[in-house]
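S.K.: Sequence:
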Amino acid sequence: MSKRTAKQPGSSGIKRVIFGTGGNGPNAQDLQQQIALRAYELYLERGAVDGRAEDDWFRAEREVRGQ
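Per this note's numbering, residue 1 is the first one in the sequence shown, and the count goes up by one each step.
If you are wondering where the hints come from, they were derived from the structure by calculation, not from laboratory data. Treat the hints with caution; some may be incorrect.
Each pair of labels, with its calculated beta carbon distance range [stated by the list, open to error]:
| # | residue 1 | residue 2 | range |
| --- | --- | --- | --- |
| 1 | V49 | A28 | 26 to 32 Å |
| 2 | E54 | L31 | 14 to 20 Å |
| 3 | G47 | N27 | 16 to 22 Å |
| 4 | A28 | G51 | 25 to 31 Å |
| 5 | Q29 | E54 | 20 to 26 Å |
| 6 | A48 | A28 | 14 to 20 Å |
| 7 | L31 | D55 | 15 to 21 Å |
| 8 | A28 | F58 | 25 to 31 Å |
| 9 | R59 | Q29 | 19 to 25 Å |
| 10 | D30 | F58 | 15 to 21 Å |
From the three backbone atoms N, C-alpha and C, an ideal C-beta is built for every residue, glycine too.
Sequences and hints are given; from them, build the entire structure.
M.R.: This is the structure in structure tokens:
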């Protein structure tokens, strides 16, 4: 199992640890980029107020993955 870290847009240095089977699937990187972009859009929609990066990220994951 591989381990990667990704800094969330608009976060205050908080890193998310992502465990997976290598993340080398054909769409793994694209999916992460889509989630990051949507999380950033949510941050901007909230008036660019810090402190809710995880909420934005989890909501973006649900939206992008269609859950």
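S.K.: All hints, please: hold or fail.
M.R.: Hint check results:
no., hint, result
1, V49 x A28: 26 to 32 Å, "holds (30 Å)"
2, E54 x L31: 14 to 20 Å, "holds (18 Å)"
3, G47 x N27: 16 to 22 Å, "violated (32 Å)"
4, A28 x G51: 25 to 31 Å, "holds (29 Å)"
5, Q29 x E54: 20 to 26 Å, "holds (21 Å)"
6, A48 x A28: 14 to 20 Å, "violated (28 Å)"
7, L31 x D55: 15 to 21 Å, "holds (19 Å)"
8, A28 x F58: 25 to 31 Å, "violated (18 Å)"
9, R59 x Q29: 19 to 25 Å, "holds (21 Å)"
10, D30 x F58: 15 to 21 Å, "holds (19 Å)"
Of the numbered hints given earlier, the model fails hints 3, 6 and 8; all others are met.
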